[in-house]
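A.B. asks: Just so you know, the sequences run in chain order A and B. In case it helps, our numbering puts the first sequence at residues 1 to 240. In case it helps, our numbering puts the second sequence at residues 1001 to 1326.
Calculated from the structure, these hints are not laboratory results. Since we're looking at a predicted model, the values are computed, not measured. Think of the CB as a built atom: it goes at the ideal place given N, C-alpha and C, for glycine as much as any other residue. Accuracy of the hints is not assured; some may be wrong.
As the list claims (entries may be wrong) - Straight-line distance between alpha carbons at most 27 angstroms, and here's what the computed DSSO-like set of lysine-lysine pairs gives:
hint, chain 1, residue 1, chain 2, residue 2
1, B, Lys1057, A, Lys199
2, B, Lys1250, B, Lys1021
3, A, Lys238, A, Lys95
4, A, Lys199, B, Lys1086
5, A, Lys199, B, Lys1040
6, B, Lys1063, B, Lys1002
7, B, Lys1223, B, Lys1115
8, A, Lys122, B, Lys1134
9, B, Lys1201, B, Lys1040
10, B, Lys1063, B, Lys1039
11, B, Lys1250, B, Lys1326
12, B, Lys1002, B, Lys1057
13, B, Lys1201, B, Lys1063
14, B, Lys1065, B, Lys1040
15, B, Lys1084, A, Lys122
16, B, Lys1183, B, Lys1115
17, B, Lys1084, B, Lys1279
18, B, Lys1187, B, Lys1279
19, B, Lys1047, A, Lys122
20, B, Lys1039, A, Lys122
21, B, Lys1040, B, Lys1086
22, B, Lys1250, B, Lys1086
23, B, Lys1040, A, Lys122
24, B, Lys1065, B, Lys1047
25, A, Lys167, A, Lys238
26, B, Lys1002, A, Lys234
27, B, Lys1086, B, Lys1297
As the list claims (entries may be wrong) - Computed footprint of chain B on chain A, listed as stretches where at least three residues anywhere in the stretch have a Cβ under 8 angstroms from a Cβ of chain B:
hint, segment
28, 95-105
29, 110-122
30, 162-176
31, 187-201
Said to hold, decoys possible - Non-contacting residues of chain A with respect to chain B, defined by C-beta distances greater than 12 angstroms in every case (computed):
hint, residue
32, Arg140
33, Leu145
34, Gln182
35, Cys183
36, Gly184
37, Gly236
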Amino acid sequence: MNFITFCDLRLLNLLEYPSDFANLKIDRMASKKNNPKEVTENDSNSRRDFIKKSGLFTALAFTPPSLVMASENKWDEKIAEYLETVPLSIEVNGKKHNLNIEPRTTLLDLLREQLQLTGTKKGCDHGQCGACTVHVNGTRILSCLTLASMQQNAEVTTIEGLAKGKKLHPMQEAFIKHDGFQCGYCTPGQIMSGIACIKEGHANSREEIREYMSGNICRCGAYHNIVDAITEVKEGGKEL
Amino acid sequence: MKNFQIIRALSSRTAVTNISKENEAMFIAGGTNLVDLMKKNVVAPDKLIDINGLDLKEIEFVKGKVSIGALAKNSQVAEDVAIKEKHPLLSLALAAGASQQIRHMATVGGNMLQKTRCSYYYNTDMPCNKRTPKSGCGAIGGSNRMHAIFGASDSCIAVHPSDMCIALAALDAQVLVEGPKGKRQIKFTDFHRLPGNTPEKDNTLEAKELITSVEIPDHNFTKNVHYLKVRDRTSYAFALVSVAAALDLKNNVINDVRLAMGGVAHKPWRLTEAEEFLKGKTVSEEVFRQAGDLAMKGARTYGGNDFKITLGANTITEALTIAASK
Ligand SMILES: Cc1cc2nc3c(=O)[nH]c(=O)nc-3n(C[C@H](O)[C@H](O)[C@H](O)COP(=O)(O)OP(=O)(O)OC[C@H]3O[C@@H](n4cnc5c(N)ncnc54)[C@H](O)[C@@H]3O)c2cc1C
Ligand code: SF4
Ligand code: FES
Ligand code: FES
């Protein structure tokens, strides 16, 4: 097989039996009706772990009849659930996370809703404002247009990852000094973008800064002061 | 957004064979257009084939041409030192598109396949023949300030939104693709199509075909070139009109010229008649103005975009003037 999935590779084998899979789903719904009480959180985790560790999927894939047995033991529920999510290893601000996520989760929603890192803001959710700017593997990108499931093993830095203990990042200091914000909603995105703008070598004049910061909209119109802050950090020549 | 499966492809061939097995599967590269459309439910694939693991990111200069991988990022191409030197028009056009964050994500292949920005296309409550064939066109008789003045039809008056593609059309690029039936090459100017009765088809790429690279043949347009983009704000907005102008000058005489326009048609619009007119002429503002007026011949407007005829002619004149002065 020349493909890998974000799911366990072995799941693909299972997918080669679409009709079995469909039955499995129906079984699952039926069993839900009969047993309104869902398996408990602990139950479900331990079962999923067991499934992952035991190599059960391989067995299921090659001997479809055993699915019936699986269904009787309510493993079917867990299998279906497991197929709807994908495992993701991701490092955020230096901390490693091993998660199971829906493929459709954006990086922005992962950060805000699942990792409780709400510093990164959702402005438009459609790539038009820059409020969600974060660094992925050192490059500034828009987390609202990035599927988290495509960021396997990525290193993400958000606004929460800039300060060293109580010491703010030079760009954070400069934004405060120059009043680079009013309501503050665009600010995390502006700061992440501003740091990248200097690192990329696009902060050599006010015009160049304005052009390369144009992906970050500020409704309060703090642009002038934002350019002042970035210029000062650039001229300070500190390692960012 | 409805949920879907996601799979990471490891080679072009397996990407193509695997997508061929699925009806509702789509490739995903940078995701900057596709994720947006999926959030709005304009497209709703069951399965995504993530092609970012494919070995298609290189920019390679070989004899007589440069080959740019379909997964090269827009910022990577725009800022490549050799591209800036040998194909400055391409670099300028790329730098004029979107924002730096988006250019870091967007790929060359994805850029070519980005959908129109017609607001009716994005709004599933509105009629749109491109999104839902035979539902009607909201823009004809509606809000059409951004829309086409050349080559439109009674079915669709949308424009192709890319900046990069305007430069690639001017530079006689070729598109290399790989599909279930094998590999083939398409002239860039034949890649995108006019809407006719089938506006749901943006281009001549066949179902399940993967763009693998774009090639630009060597040329002499390395100095007197300009990409002029007119938009509602100075940056981070789509073009109302744009002009890619490239001049090869010998003692102020136009030895060769390329001209293409964006924001005016369903595909990058090459201005071949104006090019022919300019060849052999001595550089002057008068000659550039005549070329601009000539290029606007045959334009048809729809109410909201009447201004594009004057704006178009002026933008051509200005782009040529700036290019000649470099
Ligand atoms: C706010 C905003 C402003 C923008 N402004 C501009 C602008 O001013 N100028 C401009 O030119 N663009 C602009 N863009 C558009 C941007 O350039 C495109 O979204 C981007 O180039 C698409 O590339 P991608 O790799 O992200 O494509 P994706 O979103 O991943 O894919 C787009 C389409 O291409 C298909 N696809 C991708 N790669 C391949 C391949 N190799 N083979 C076959 N099919 C493939 C996908 O299936 C999908 O249908 C803007 C976008 C946003 C969000
Ligand atoms: S112009 Fe084309 S894309 Fe826009 S509404 Fe009409 S059919 Fe749809
Ligand atoms: S929230 Fe991502 S660009 Fe606006
Ligand atoms: S500070 Fe309010 S949006 Fe920028």
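A.B. asks: Does each hint fit the structure? Answer for all of them.
C.D. replies: Checked hints:
no. : hint                    : verdict
1   : Lys1057(B) x Lys199(A)  : holds, 22 angstroms
2   : Lys1250(B) x Lys1021(B) : violated, 55 angstroms
3   : Lys238(A) x Lys95(A)    : holds, 25 angstroms
4   : Lys199(A) x Lys1086(B)  : holds, 26 angstroms
5   : Lys199(A) x Lys1040(B)  : violated, 34 angstroms
6   : Lys1063(B) x Lys1002(B) : violated, 47 angstroms
7   : Lys1223(B) x Lys1115(B) : violated, 32 angstroms
8   : Lys122(A) x Lys1134(B)  : violated, 36 angstroms
9   : Lys1201(B) x Lys1040(B) : holds, 20 angstroms
10  : Lys1063(B) x Lys1039(B) : violated, 44 angstroms
11  : Lys1250(B) x Lys1326(B) : holds, 14 angstroms
12  : Lys1002(B) x Lys1057(B) : violated, 30 angstroms
13  : Lys1201(B) x Lys1063(B) : violated, 34 angstroms
14  : Lys1065(B) x Lys1040(B) : violated, 40 angstroms
15  : Lys1084(B) x Lys122(A)  : violated, 35 angstroms
16  : Lys1183(B) x Lys1115(B) : holds, 24 angstroms
17  : Lys1084(B) x Lys1279(B) : holds, 25 angstroms
18  : Lys1187(B) x Lys1279(B) : holds, 23 angstroms
19  : Lys1047(B) x Lys122(A)  : holds, 26 angstroms
20  : Lys1039(B) x Lys122(A)  : holds, 14 angstroms
21  : Lys1040(B) x Lys1086(B) : violated, 40 angstroms
22  : Lys1250(B) x Lys1086(B) : holds, 18 angstroms
23  : Lys1040(B) x Lys122(A)  : holds, 16 angstroms
24  : Lys1065(B) x Lys1047(B) : violated, 36 angstroms
25  : Lys167(A) x Lys238(A)   : holds, 15 angstroms
26  : Lys1002(B) x Lys234(A)  : violated, 44 angstroms
27  : Lys1086(B) x Lys1297(B) : violated, 32 angstroms
28  : 95-105                  : holds (count 3)
29  : 110-122                 : violated (count 0)
30  : 162-176                 : violated (count 0)
31  : 187-201                 : holds (count 4)
32  : Arg140                  : violated, 5 angstroms
33  : Leu145                  : violated, 5 angstroms
34  : Gln182                  : holds, 20 angstroms
35  : Cys183                  : holds, 20 angstroms
36  : Gly184                  : holds, 20 angstroms
37  : Gly236                  : holds, 22 angstroms
Checked against the numbered hints listed earlier, the structure breaks hints 2, 5, 6, 7, 8, 10, 12, 13, 14, 15, 21, 24, 26, 27, 29, 30, 32, 33; every other hint is satisfied.
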